[in-house]
Amino acid sequence: MLSVLAFLLVLFAFICMLFFTPVEQTMGLVQKVFYFHMSAAWVGMLAFLVAAVFGLLYLSRRDMKWDTLTAASVEVGLLFTVICILSGMIWARPIWNTWWTWDPRLTTVTIMAFTYIAFILLRRGVDNPTRRARFSAVYALIGFISVPLTFFSARLLRTIHPVVFGGGEADMNLNPQMLATLFISLVAFTVLYAVLLLQRARLMAQQDKLNQQVAVTDDSYDWGE
Amino acid sequence: MKAWLHSVRVLIWKDLVQEWRSRDILTSMLAFAVLSLFIFNYALELSPINRADIAPGIVWVVMVFAGTLGLNRSFTAEQDQGCFEGLIMAVPDLSAIYFAKLLTNLLMMVFLAVLVIPIYSVLYNQSLFNWAFFGVLALGSWGYSAAGTLIASMTVQTRMRDLLLPVLLFPLLLPVNMAVVKSCGVLLGSVAGQDINGWLNLLLVYDVIVTMLSIMVFEYVIQE
Chain A
1 MLSVLAFLLV LFAFICMLFF TPVEQTMGLV QKVFYFHMSA AWVGMLAFLV
51 AAVFGLLYLS RRDMKWDTLT AASVEVGLLF TVICILSGMI WARPIWNTWW
101 TWDPRLTTVT IMAFTYIAFI LLRRGVDNPT RRARFSAVYA LIGFISVPLT
151 FFSARLLRTI HPVVFGGGEA DMNLNPQMLA TLFISLVAFT VLYAVLLLQR
201 ARLMAQQDKL NQQVAVTDDS YDWGE
Chain B
1 MKAWLHSVRV LIWKDLVQEW RSRDILTSML AFAVLSLFIF NYALELSPIN
51 RADIAPGIVW VVMVFAGTLG LNRSFTAEQD QGCFEGLIMA VPDLSAIYFA
101 KLLTNLLMMV FLAVLVIPIY SVLYNQSLFN WAFFGVLALG SWGYSAAGTL
151 IASMTVQTRM RDLLLPVLLF PLLLPVNMAV VKSCGVLLGS VAGQDINGWL
201 NLLLVYDVIV TMLSIMVFEY VIQE
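For the protein sequence lines, the chains are A and B, in the order given. Note that our numbering numbers the first sequence so that position 22 is 22, with each residue one more than the last. Note that our numbering numbers the second sequence so that position 215 is 215, with each residue one more than the last.
None of these hints come from the bench; they were simulated from the model. Backbone N, C-alpha and C define an ideal beta-carbon position, used for all residues, glycine too. Watch out, some of these pointers could steer you wrong.
Said to hold, decoys possible - Covered stretches of chain B (in silico footprint by chain A; criterion: 3 or more residues with CB under 8 Å from a CB of chain A, positions within the stretch not fixed):
1. 51-58
2. 100-110
3. 205-213
What the hints assert, rightly or not - Pairwise CB distance ranges, derived in the manner of DEER restraints:
4. A/Leu-56 with B/Glu-224: 15 to 21 Å
5. A/Ile-15 with B/Glu-224: 50 to 56 Å
6. B/Asn-50 with A/Ile-90: 32 to 38 Å
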């Protein structure tokens, strides 16, 4: 049910982005990537925040459910962060005349992505499930430092990355149609995130269950993995 | 509190005596640091003109890389000899173990800085003797050791061990690296006099937050 809603919302946001919003005066068509770019960035950071909260819940409750959700949230967040970085590069090529520049915002967001790639590597390196869960929770908490750093980097440091809200004079001037489309995409991506999170967590839980059953029935299974 | 301080002191003393008897870690760290300085020399073609601008970056990067050698070792003795359980039972509070390891690693880093600064100054004929510069390096080392001690306590229990430490640690160090290099650039006069209070605040806030957070979560890392 939620997946259908997510599909329809993303489709609606896509149509709004294509036909409803005007073409930006100076940047032209490429500016339209902005709606999904910012939504992906938002979902990425939200997912990492959620992962940190789930990690905290795991440490206090010791229920493997929260560990699965932490890992799922990080994976989905990483996916959206990569989408954010790639769509930003597509925009930067015509606008800044380069795919990449060592701007504080770009640097911090990439380091944030590396933090959570490290999270996945850490999980692969621990075989004992409860130990893996404890380490994941701890790393999700301490790795979260990179998220506010990324968020505030465009506001506090000297950067060429545009600030959409609360940037004072540097605020982007969005007309009502643009603003409406932005909010629709934000909502659509948030619902999509919730769907992906739940599906990924379900898949992980089933994988664990399967592995346990295989381990019980067949001791020789290990070398296949 | 008194028992806590006592156990921290004893644990630091134990690690320092252990290190003094073998001198494995410090010798490797120092050799690695000096070798890195030589690699930087021919990798970057350091001419006297651009040399001044990148001195803080080079010194800090050398310390960070050499520091991973020490961090990787900081829990291996306990892990390999199975002393963790004994250690856990011996201290009044688990944060004492973290704090002692943090201070030992910090001491190693500061000692490394004390050695690297004169070596750099001699090799590159550029005096780095500047108390403010040393202070920033020490603050950076604190943040480095605070995050590094926690990560090392995890990686030592994983399958990949040494392999995993830099991968997990370096992304977390971004604020430290930025703040140290930027503020040292100003202190050594290579960048025109900017205000460095913002960077120093960032560094201090990072140090305090990471230390507090690590103390809170450390018990979950070492206790089953």
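Hints, verified against the model:
1. 51-58: Three-residue rule not met by the region 51-58 of chain B, so violated; n is 0.
2. 100-110: violated (count 0)
3. 205-213: holds (count 4)
4. A/Leu-56 with B/Glu-224: 15 to 21 Å: Because 19 Å falls inside the window, the suggested range holds.
5. A/Ile-15 with B/Glu-224: 50 to 56 Å: With Cβ atoms ~53 Å apart, the hint holds.
6. B/Asn-50 with A/Ile-90: 32 to 38 Å: Because 35 Å falls inside the window, the suggested range holds.
Figure legend: structure checked against the earlier numbered hints; hints not met, in rising order: 1 and 2.
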